[in-house]
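> Read top to bottom, the protein sequences are chains R and W. One rule links them: number in our numbering = place in the first sequence (from 1) + 11. Mapping the second sequence onto our numbering, position 70 (from 1) lands on 51, and the numbers just tick up by one.
If you are wondering where the hints come from, they were derived from the structure by calculation, not from laboratory data. Computed from a predicted model, the values in this text were never measured in an experiment. For every residue, glycine included, the Cβ atom is placed at its ideal position computed from N, Cα and C. Careful, some of the hints might be misleading.
Restraint ranges, calculated between C-beta atoms of paired labels, are given here [to be verified]:
#1 R:275 - W:12: 36 to 46 Å
#2 R:301 - W:48: 15 to 25 Å
#3 W:46 - R:162: 31 to 41 Å
#4 W:-7 - R:54: 43 to 53 Å
#5 R:403 - W:93: 55 to 65 Å
#6 W:79 - R:513: 32 to 42 Å
#7 W:49 - R:27: 43 to 53 Å
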Amino acid sequence: MAAAWAAIGAARDGASVVLVDKGYVGTSGVTATAGPGHWFVPPDAHKRAAAIAERQAIAFGLGDPRWMARILDETWQQLPTLEGHYEFGRNEAGVTMYGAVRGPEYMRALRRVAESLGVRILDHSPALELLLHTDGAVAGARGVRRQLHQEWIARAAGVVLATGGCAFFSRLLGSQTNTGDGYLMAAEAGVALSGMEFSSQYIVAPAFSTMARGMSYAFATYYGPDFQPIDIPRLAGGNRAIARHLMQGPVYCDLGRMPEDIRLRLPYISPNVMLPFVRRGIDPFRDKFPITLLAEGTVRGMGGIQISDDDCQTSVEGLYAAGDAASRELVTGATSGGGSVNSAWALSSGVWSGRAAARRARAEGTRADRPAAPIGLAGLRPRRAAVDLDPGAVIAAARGEATDYDKNLFRTGPKLMRSLELLDDLWRSVRDHLGGRGVGAVRAREAAAIVATARWSYTAALHRQETRGQHQRQDAPQLRPELERRQTIFGLDRVWSDFEGRGREVPEQADSDRGSGSGAASARPGVSA
Amino acid sequence: MIALLVKDRCTKCNACVAACPTNVFEAVPGEVPRIARQTDCQTCYMCELYCPADALFVASDCDRPEAVNEADVVASGLLGQFRRDHGWGEWAADPRYKNQHWYMGEVFRRARSSE
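Full structure from sequences and hints, please.
Here is the structure:
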């Protein structure tokens, strides 16, 4: 979604745009299967101020009202421009409802708008790495066209990373292509990440399915293994309460409290919600069905690539980040922006970065005749001999650490350090030995990206020795005023933490050049108070 | 996970090959597409939406392939239901399947007020 808006933003400003997608522009990513209800507030000073104040109250000091105002304004201006491509609904009073759009139709509309503006779309063309000029500015990107078994190279004055968040292959609906690839590409260019500790959002789904659609669960009643009701808080803490039960045994649910008229409308509000139930012969309004919690990683978490200016440019000239690939702390603070603030952010950051890239292209040209170096490492160019390392096994191991309820929802220093030891070992194996060629490089890069993302996330969690919003430490349950700062994480082999406005904290860990199994990672201390 | 491609219905348009975000299908010259990478399926049901012939069926289990009986699936009336409920393609003009997604905010409000 952010990628499509970036392409539209750039093309409207007259740039020549290539939009590459790992899958298909229209079905790829978490928007396509969902129903983004954008944060959408009329340009009335009181209403805008109230909306921002409401978010600031749960941002725990890490939000920025100026950025919130910017995305409210951009979203308000942009969504109506889809008229004619998206059929907006009208409420009973006849008011056009621009904010709440349905995923597949929304993405189809964005694709059509992009095509109408002359954007060249390459579907099934995962990006593998960035290209940099000798002066450090971005020069383009490279990837494969996996259905054609060809390489693509795009030389450009500006590159927008809009690769989505990372859901760690959790089976979260629509997220299988969101594997943190953009984080890895940015980090290889020397760009930092921010807010990576905010990666512990989960969502309820039927146990056998991907169907993570929150709305219906507003009417849920939960039951324990004996089918007796269990008390789950409706708002804050609900997921942690469910997770505690799930660690003990099965949890069941029914949606019996949903009013009859909403049940009848449901297939035309969200047509996918009922599919897994109907296909299993389950009546969710009457039957008690088993549920799970699917990890949302940084998709509904807030961490991502750190941006450096109002155009969503990173610390690398010409390299931008948009949507869930970018940190959303500025607009969400320490509480998930859900589908609302996050959608407004994806739209706005997409449009801004696209426009800025177009402006840069006009000013600088693509410099396509100048030498440019590909900079991808892990999964592409192993440091040592490539050995038979199964990327699927790497992914499974990283997924286990990053999504496990006990490790991620009930964080403690010792648990995080144990996970990081394992993830550091995995990283060394990947970095030294994992290399894929052609289409095979795609999975290898995904494996490298998911391990790197899990390390960044848990390193940030280890260093934030407090409980703030989504990030909760069982061993540090209080909010610490001196940590009311955003945390930057950077580095590939060595991972560094830096709280804005404070000194840099360097974790003592295994030297990057030592082989795996050195065991030195266990010496990693936390931040001292 | 994708379970079935009904050959009798398939028009070999290869829309599924293009639309599947995880590249599950493979075009076969002169033939119906092949479910080439079944376990890469992310159970998003998007292929069903993009199949104008209603020839595809995604089973509910996202972790492992399910064997389904083609005759039963065809008889169930489930093929094409998702596309119809979306008001996709030829259903776009049918007022019964009009997109009511805009009502979601009101559903959340009613849920909160019923607490």
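> Please go over all the hints and tell whether each is borne out by the structure.
Consistency of the hints with the structure:
1. A hinted range of 36 to 46 Å holds for the C-beta pair residue 275 (chain R) and residue 12 (chain W), which are about 42 Å apart.
2. A C-beta distance of roughly 21 Å is found between residue 301 (chain R) and residue 48 (chain W), which places it inside the suggested range of 15 to 25 Å.
3. Between residue 46 (chain W) and residue 162 (chain R) the CB atoms are about 32 Å apart, so this pair conforms to the stated range of 31 to 41 Å.
4. Take residue -7 (chain W) and residue 54 (chain R): their Cβ atoms lie about 51 Å apart, and the range 43 to 53 Å holds.
5. Checking the proposed 55 to 65 Å range against residue 403 (chain R) and residue 93 (chain W) shows it is violated: the Cβ atoms sit about 43 Å from each other.
6. Here the CB-CB span from residue 79 (chain W) to residue 513 (chain R) is close to 54 Å, at odds with the stated 32 to 42 Å.
7. Taking the beta carbon of each, residue 49 (chain W) and residue 27 (chain R) are about 47 Å apart, inside 43 to 53 Å as hinted.
Checked against the numbered hints above, the structure violates hints 5 and 6; every other hint is satisfied.
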